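Please put together the full structure from these sequences, using the hints given.
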Amino acid sequence: MPRNDSAPPTAEPPTAEPPTAVLTVFRLAALFVFLAVAMGAVVCATGSGASCPTWPGCRPDQITPQWQLSPIIEFIHRVVAISAGPLVLAAAVMSRRLTGPNRWVRILPWVALVGALASGAFGRLVVLSSLPTWLGGVDLFCALTAMTTMGVAAVVLGAPASDLTPRSAPEWHPLQVRSLAAMSVIVLVVMHDTGIFAAAPLSYTRCMGWPIWQLIGTDLHPLLQGLRLGLAGLGAVLVITTAVMAARTERLRKWGIAIGTLFAAEMVLGLVIRAGGINAAVASAYSVLAVALLSCLGLLMAVAWSAQVDTADIAEREPQDRIHVDRPRST
Numbered sequence: 001m002p003r004n005d006s007a008p009p010t011a012e013p014p015t016a017e018p019p020t021a022v023l024t025v026f027r028l029a030a031l032f033v034f035l036a037v038a039m040g041a042v043v044c045a046t047g048s049g050a051s052c053p054t055w056p057g058c059r060p061d062q063i064t065p066q067w068q069l070s071p072i073i074e075f076i077h078r079v080v081a082i083s084a085g086p087l088v089l090a091a092a093v094m095s096r097r098l099t100g101p102n103r104w105v106r107i108l109p110w111v112a113l114v115g116a117l118a119s120g121a122f123g124r125l126v127v128l129s130s131l132p133t134w135l136g137g138v139d140l141f142c143a144l145t146a147m148t149t150m151g152v153a154a155v156v157l158g159a160p161a162s163d164l165t166p167r168s169a170p171e172w173h174p175l176q177v178r179s180l181a182a183m184s185v186i187v188l189v190v191m192h193d194t195g196i197f198a199a200a201p202l203s204y205t206r207c208m209g210w211p212i213w214q215l216i217g218t219d220l221h222p223l224l225q226g227l228r229l230g231l232a233g234l235g236a237v238l239v240i241t242t243a244v245m246a247a248r249t250e251r252l253r254k255w256g257i258a259i260g261t262l263f264a265a266e267m268v269l270g271l272v273i274r275a276g277g278i279n280a281a282v283a284s285a286y287s288v289l290a291v292a293l294l295s296c297l298g299l300l301m302a303v304a305w306s307a308q309v310d311t312a313d314i315a316e317r318e319p320q321d322r323i324h325v326d327r328p329r330s331t
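Taking the working numbering, the leading residue of the sequence shown gets 1, the next gets one more, and so forth.
If you are wondering where the hints come from, they were derived from the structure by calculation, not from laboratory data.
Incorrect hints may have been included.
As the list claims (entries may be wrong) - Using C-beta positions, here's what the derived DEER-type ranges look like:
| id | residue 1 | residue 2 | range |
| --- | --- | --- | --- |
| 1 | Ser179 | Gly57 | 21 to 31 Å |
| 2 | Pro60 | Pro201 | 21 to 31 Å |
| 3 | Lys254 | Thr24 | 19 to 29 Å |
| 4 | Arg59 | Leu202 | 16 to 26 Å |
| 5 | Arg124 | Ala200 | 18 to 28 Å |
| 6 | Ala280 | Arg97 | 18 to 28 Å |
| 7 | Pro56 | Leu220 | 41 to 51 Å |
| 8 | Leu31 | Ala264 | 19 to 29 Å |
| 9 | Leu31 | Gln214 | 44 to 54 Å |
Just so you know, these numbers come straight off a predicted model, no measurement behind them.
C-beta: ideal position from N, C-alpha, C; glycine also.
If you want it as structure tokens, here you go:
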């Protein structure tokens, strides 16, 4: 009787790679939103916001600024922020044509677009008039939301379909890292946003940056300042734990090292500010480090998210693969 071998299993089609143009737009949008937030932090830290009193040009009789540091900082921030809007819009429109199981790459760019447009509108109002404190808090929240969601969308879209093997899956703790990074982002966003409400007029506390581990007598609302210190302590524990957990896995190790380095640099600069006062250069570095740390936590969350999906996919496929391999041949 002729042997009738069982037919080999049909291979599952690999997840389609995103078009290169779409991935490029997503990454450019994430980069420009990050740069807009970072430059906005520098504008606040250096007090350059009033250097260009009109919008979109710097002055009524000229579009570009004079060759002075403060107007140049403000104008660069304005150009970067204006450039980010069309890129985020293009990413949002392109996301509607994407296919695949992860629906978040089709949702997050629209969330980023809303945040970017709202933050841009508030920024224009700041130049032409002023914002009440509560709208300043909304402005910062929208900017940080746009930066985080656009970064997460770009990372998730560009994540490889599956670059893990069954042998390496047990070494991963992506779910824990993702949860820790997400909690860190939430706590830090609240900590930064409450600084606007605790700050006195023109105080550096209203800018991106961690508290310097003491109450500031010239600022407002000691209870709110105490709350920020508590949030900073909780945030520090979460950030350190996230960095350590990430550094224990091979694929996330560089992210853990980067986050640990940024956090250490932020703490050192905070001690410098507390001991010797503050100037424009130190304040700018302190603010940019705070933005970079928050952004990296969001990106790590996205990388761990993708890794968790990959690991679950491997765990689901491995038993089926063993069935196909071990199935005896019929005679």
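Hint-by-hint comparison with the structure:
Between Ser179 and Gly57 the CB atoms are about 46 Å apart, so this pair departs from the stated range of 21 to 31 Å. With their beta carbons about 26 Å apart, Pro60 and Pro201 fall inside the hinted range of 21 to 31 Å. For the pair Lys254 and Thr24, the beta carbons lie near 22 Å from each other, so the given range of 19 to 29 Å is met. For Arg59 paired with Leu202, a C-beta distance near 22 Å keeps the hint of 16 to 26 Å intact.
At about 25 Å, the CB distance of Arg124 to Ala200 agrees with the hint of 18 to 28 Å. At about 45 Å, the beta-carbon gap between Ala280 and Arg97 misses the expected band of 18 to 28 Å. Between Pro56 and Leu220 the CB atoms are about 33 Å apart, so this pair departs from the stated range of 41 to 51 Å. A hinted range of 19 to 29 Å for the beta carbons of Leu31 and Ala264 is consistent with their spacing of about 24 Å.
Between Leu31 and Gln214 the beta carbon distance is about 35 Å. The supplied range of 44 to 54 Å is therefore violated.
Violated hints for the displayed structure, listed by number in ascending order: 1, 6, 7, 9.
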